[in-house]
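Starting from the two chains in their separate frames, assemble the complex, guided by the hints.
Read off the chains here:
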Amino acid sequence: MASVKLTKVKKIYDNKVVAVHDFDLDIHDKEFVVFVGPSGCGKSTTLRMIAGLEDISEGTVEIDGEVVNDLQPKDRGIAMVFQNYALYPHMSVYDNIAFSLRLQKVPEDVVYERVTNAAEVLGITEYLMRKPRALSGGQRQRVAIGRAMVRDSKVFLMDEPLSNLDAKLRNQMRAEIILLRQKLDTTFIYVTHDQTEAMTLGDRIVIMKDGYIMQVGTPTEVFEMPENLFVAEFIGAPKMNIVKTNLVKEGDKYFVTPFGAKLPVTGEKGKMLAEKNVKPGEILLGVRPEHMTLGAEGEGSIPCHLVVNEMMGSELHLHVDTADGSRLIVRIPTIDLDKEGRSALVGGHNLHVTFEGKAMHFFDPATEKNLLV
Amino acid sequence: MENKRHMGLRTLNRVSNTAIYILLIVISIVWLIPFIFIVLQSFRVESTYQVGYVIPHQWGWQNYINLWNSDFKRWYLNTFIIALAAAVFVTVIQLCMSYTLSRFRFKLRGPLMRFMLILGMFPGMLTMIILYRVLSDLGLTQANAVPGLILVSVASSGMGYYVSKGFFDTIPKSLDEAARVDGATRAQVLYKIILPLSKPIVIYTILTAFMGPWGDYVFARYVAMGTSAGYNVAVGMYSWLTNDQIARMYTTFCAGGVIVAVPVTILFLCLQKYYVEGVTGGAVKG
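Protein sequences, first through last, are from chains A and B.
Under the numbering used here, the first residue of the first sequence carries the number 120, and numbering increases by one thereafter.
Under the numbering used here, the first residue of the second sequence carries the number 27, and numbering increases by one thereafter.
Isolated chain B, as found in the complex (with noise of 0.2 Å):
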C-alpha cells in the first residue's frame, strides 16, 4: 500500500517535470526564433531586401564586408567608448556611494536617500530638453556626442546606490572595523574586503551599467542630431531603416544585429552565474 503510494508520487513528479520542460523547451524556441532569423538573413546574399523566407538561397559574407565598408564601424566604436566608461566610472562612483551609505552615519543622510529614489521615480525622458541644452553649452552635442552620452550616464549613477547598499548591508559591520583595527584606511577597507566579498553585485553594476548606453536609441539620437559621426549602433543602423534605404540595407542592417549582440551574449555567458546571485543577493544573503 505504502509503496503503491510512493510510486504514484514518484510517476506524478515525473509527468509534473516532463510538462514543465515541454513548456520551457517551447518559450525558448519562440525566444529564439527573431535571433536565428536575423543571423540567417545576415548570411543572405542573393538581395538585400526583405524577402518571405528564412533560409537564404545564397550564403555568403557579403553583408559584413558592406557593414565593414559602411560608417557601422564608427558607430561602433562610440557605442564601445560610451559603454566601456560608463561601465567603468558607473561601478567606481556607484559602489563607492552605496559603500558610504551603507556604512556612513551622517546628517541628512536618509532624506538623501528619500530624495534619491523618489527622483529616480521620474521617467528620464522628462529631462532629456534641459539635458540637451546643457549638454549643447559644453559643446557636447552632434559630433561630440560621445563625451556628451558618457557625461550624462556617469552624472547620474550614484543614484542607482540601491541594489549594492542593501547588498553591502548584509555584510557584518564587524569585519570593517576589525579590518581598521588592522591598519586599513576606509578605502582599503572597500577594496580589500568588501569588494571581494561583494563579485556578484560588482558585476551586476558592470553589466547594467554596459548595458543602458549599449542599448540607448532615444537619448543618442537626440543628442547626436543628425551628425553620423556621432552616432551610436542604434541610431545609426535605424538610419537605415527609411524608405529609400530599407530595400538595399535589410540584410546588412541583419548582420550588424549580430555583431552588436556579441560583445554582450559573451559577457553574459562568462558572468551569468554572478549576475543571478547579484539580482537576487541582495535581498536574501544572510
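Chain A extracted, bound-state conformation (with noise of 0.2 Å):
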C-alpha cells in the first residue's frame, strides 16, 4: 500500500516527439486511479513510466515517498497487468503465478500456499497445472491478475487489462476487479480507453489527450460539470450534443437560442453564470443526449426531423437533424413511451426536442473551456 506522486513528469521519445507533458498527479494510499483518453494521449507510456518499463525523460515519479526514476521495475514495489496477458507460454498456470516468488527464493511450501490462496480467490484452481494455450481469454486475464496479486506489491498497474475481452466477459471482469480491488484494498492504477471502465472502476479519473491531462476528478464530477469540451465529448455514450448559438441575457436572466429556439437557463446553471458574471455571446452549447426529451412545438423546443433510430432495448437513440442540418442525438428511454409513441418514431418523422436549463453546459468557442469552471 502506497501512495503515488508524479511531478512535472515528461516523456521525450528519440525522434523528439513529447509523448506526456508535465504530467503532475498525487495518487493517495489505496485509491484507484484510471487513466482514460484516446489512443496516443500518453496514459500507457505514463504508467509504463510509473512501471520503470519507460525511461522518464524529465520530472520525477516517487512511490510510498521514495523517488524511483532509477529503480528497475522490480525495485518498485509493483505489479502490473498487461494488456495482452504476457503469461509465459511454455510454464503451467500454478509456474506463471509462482514464477515471481520462486525468483525471490521464497521457501516453496510459502510458494505452494501463496499460489493456490490466490487461484481460489480468482477461481482458476482447476486450471493450475494447465498450459496458458489451453484456457480462455478471461482464464488467461485471471491467472495474469493472479501472478500480480502474490507478489503483495505497493502499487497494483493494470494496463487496459479487459481490451482483449468481448464485450460479456468485459463486463463481467469489470465487476471482478472491484471485487478484487476490495479484497486486495491497495492503490491501483488503471489505463483503459474506455470511459464505461473508467467511469465504473475509478476514485478518480485523469482524462488524458495528446499527452496532457485534461482533467482529473472524481466519475461525478468529470460527467457533471466538464472543465473543457474534450472531457464534455469524451465522458458519456453516446456523446455530449454541441451546438454553437448565443448566450443571451435578459435582466438578470440568461437564456441560450439554438435554431430559432428560446430556453431560459434554469436552476444552479442560471446562477452560477451570474456569479460568474459571463458575457452574453456566442458559445458553444454542450447538452447530453440522456438530458433532451421530446417536447411540443413552441418557443422551447427545437424543430427536428428523425433520421435513424436505434432501438438499444431499455432506450431508443434518436438520431435528428435539425432545420441548418446539424446532428443531434436523444436518449428516451423506452420505459416513457407507449406503443403508438414508439411506432411513429420512424425516419423522416418530424419531432420537437427540448431539454431544461440545468442539463446545460457552456463552453467558450475559443478556449473550449467551461465558462462555469
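Derived by calculation from the structure, the hints in this document are not laboratory data.
Treat the hints with caution; some may be incorrect.
Just a sample of chain A residues kept apart from chain B, beta carbon distances all over 12 Å, derived [stated by the list, open to error]:
| # | residue |
| --- | --- |
| 1 | Ser219 |
| 2 | Arg300 |
| 3 | Gln301 |
| 4 | Lys395 |
| 5 | Gly466 |
| 6 | Leu470 |
| 7 | Lys488 |
Here are the simulated DSS-like pairs of lysine-lysine, each with C-alpha atoms no more than 27 Å apart in a straight line [stated by the list, open to error]:
| # | chain 1 | residue 1 | chain 2 | residue 2 |
| --- | --- | --- | --- | --- |
| 8 | B | Lys218 | A | Lys129 |
| 9 | A | Lys328 | B | Lys299 |
| 10 | B | Lys218 | A | Lys193 |
| 11 | B | Lys133 | A | Lys193 |
Computed, partial: chain B to chain A, Cβ under 8 Å [as the list claims (entries may be wrong)]:
| # | residue |
| --- | --- |
| 12 | Val207 |
| 13 | Asp208 |
| 14 | Ala210 |
| 15 | Ala213 |
| 16 | Gln214 |
| 17 | Ile219 |
| 18 | Pro222 |
| 19 | Leu223 |
All C-beta atoms in this analysis are idealised placements derived from N, C-alpha and C, irrespective of residue type, glycine included.
Structure, rendered in C-alpha cells:
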C-alpha cells in the first residue's frame, strides 16, 4: 500500500516526439485511479514510466515517498497486468503465478500457499496445471491478475486489461476487478480507453489528450462538470451534443437560442452564470443525449426530423437533424413511450426536442473551456 | 452426376499422390546410393584399392581396425573438440547477440546490423591470408591448429545473428516486461523465458555451429600446414587420397567416411523436428 506522486513527468522519445507533457498527479494510498483517453494520448506511456518500463525524460516519480526514477521495475514494489496477458506460454498456470516468488527464493511451501490462495480467490484452482494456451481469454486474464496478486506489491498497475475480452466477459471481469480491489485494498492505477470502465472503476479519473491532462476528478465531477469540451465529449455515451449558439441576457436571466428556439437557463446553472458574470455572446452549448426530451411545438423546443432510430433495448437513440442540418442525438427510455409513440418514431418523422436549463453546459468557443469552472 | 465428379476428383488425387511418391522414392534412392556405396566399401577386406563392383566379396572389420591404428583417432578428436567448442561458444555468443539486437535500442544499432550483414556477404576465403598471419603470430597454427580453428569459428559468430533475431522478434516484448516486473534480470529473462520459447532456433544454432567446423576442409588444411597433429578429419583423410596412398588406403578412407557421418546423422535424427521448425520458424511464427 502506497501513495504515488508524479511531478512534472515528461516523456520525450528519441525522435523528439513528446508523448507526455509535465504530468503532475498525487495518487493517494489505496486509491483507484484510472487514466483514460483516446489512442496515443500518453496514458500507457505514463503507466509504463511508473512501472519502470520506460525511461522518464524529465520530472520525478515517487512511490511511498521514494523517488524511483532510477530503480528497476522489480525494485519499485509494483505489480502489473498487461493488455495481452503476457503469460509465459511454456509454463503451467501454477508456474506462471509462482514465477516471481521463485525468483525471490521464497520457500516452496510458502509459494504453494500463496499460489493456491490466489487461484482460489480468482476461481482458477482447477486450471493450475494447464498451460496458458489451454485457457480462454477470461481465464488467462485471471491468471495474469493472479500473477500480480501474489507479489504483495504496493501498487497494482493495469494496462488495458480488459481490452482483449468480448463485451460480455468484459462486464463480468469489470465487476470482478471491483471485488478484487476490495479484497486487496491497495493502490490501483488502471489504464483504459473505455470511458465506461473509467467511470465504473475509478475513485478518480485522469482524462488525457495528446500527452496533456485534460481533467482529474471523480466520475461524478467529470461527468457533471467537465472542465473543457474534450472531456465533455469524451465522457458519456452517446457523446454530448454540442451546438454553436448565443447566450442572451435579459435582465438578470440568461437564455440560449439554439436553432431559433429560446430556452431559459434555469436553476443552479443560471445562478452560476450570474455569479461568474458570464458575458452574453456566442458560446458552445453542450447537452447530453439523456438530458434531452421530446417536447411539444413552441418557443422552448427545437424542430427536427428523425434520421435514425436505434433500438438499444431499454432506450432509444434518436439521431435527429435540425433545420440547418446539425445532427443531435436524443436518448429516450423506452419505458417512457407507449406502443403508439414508439411506432411513430420512424425515419423522416418530424418532432420537437427540448431540454432543461440544469442540463446545459457552456463552453468558450475559442478556448473550449467550461465557462462555469 | 455430383457423385461421379467426386469420384473423379478422388481418383485424380490418388494418381497424383502416387506419382509424387514414386518420384520421391526415386530421388531418395539416387540420394542414398553414395552412402550405401561407401558403407559397403568400408566392409570390403579382399583388397584395399578401388574396384569395379559394389558388393564386397569378403566382409570384415579390417578397415575399421586400420583406422584405429592410424592418425585418424587424433584427427577425429581434433575435429570433435573444434566442433563441440564452436557449438557451445558460437551458440552462446550468437543467441546473446540476437537477443540484444532484438530487444535493446541503442545508438548505431541499425548501422551495426547493416554493416554486419554486408560484411557477411563477402566470401570467407578473402580473409584467409590475414587470418593465417594473425593465427601464426599467436602461435595457433600447425600442431596448435585446434585452438586456432576454434578461435576463428567463434570470433565472427556474432555476425550470424539474423535468423535467431528474426525468431526473437516474434516473441512479444510484453513477456520480457512481465518477467522484469516479476523480478527477473535481463539474463534471467533470456534463459528462463526467451530461450525455452526458442528451442527450435537454439537447436538450429547448435547444429549449424557444429556442422561448420565438422565439415571444414580448406581453412583447416591451410592452418594445419602439413602437420598431422593439427589435422581435422577432412584434411587428414584427404591426405590418404594422394597417388601413392590411394591404392593402400581407399577402403580405410571409406570406413573413415562412415565414422565421420555417425555423430552428424545421430544429431540430425534426434533433432530434425526442431531443425525444420528452426529453419522456417523465424519467418512465419505469428
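Outcome of the hint check:
no., hint, in the structure
1, Ser219, "violated, 4 Å"
2, Arg300, "holds, 19 Å"
3, Gln301, "holds, 23 Å"
4, Lys395, "holds, 47 Å"
5, Gly466, "holds, 44 Å"
6, Leu470, "holds, 50 Å"
7, Lys488, "holds, 38 Å"
8, B/Lys218 x A/Lys129, "violated, 33 Å"
9, A/Lys328 x B/Lys299, "violated, 50 Å"
10, B/Lys218 x A/Lys193, "holds, 16 Å"
11, B/Lys133 x A/Lys193, "holds, 26 Å"
12, Val207, "holds, 5 Å"
13, Asp208, "holds, 4 Å"
14, Ala210, "holds, 6 Å"
15, Ala213, "violated, 12 Å"
16, Gln214, "holds, 7 Å"
17, Ile219, "holds, 6 Å"
18, Pro222, "holds, 5 Å"
19, Leu223, "holds, 6 Å"
When held up to the earlier numbered hints, the structure conflicts with 1, 8, 9, 15 and fits the remainder.
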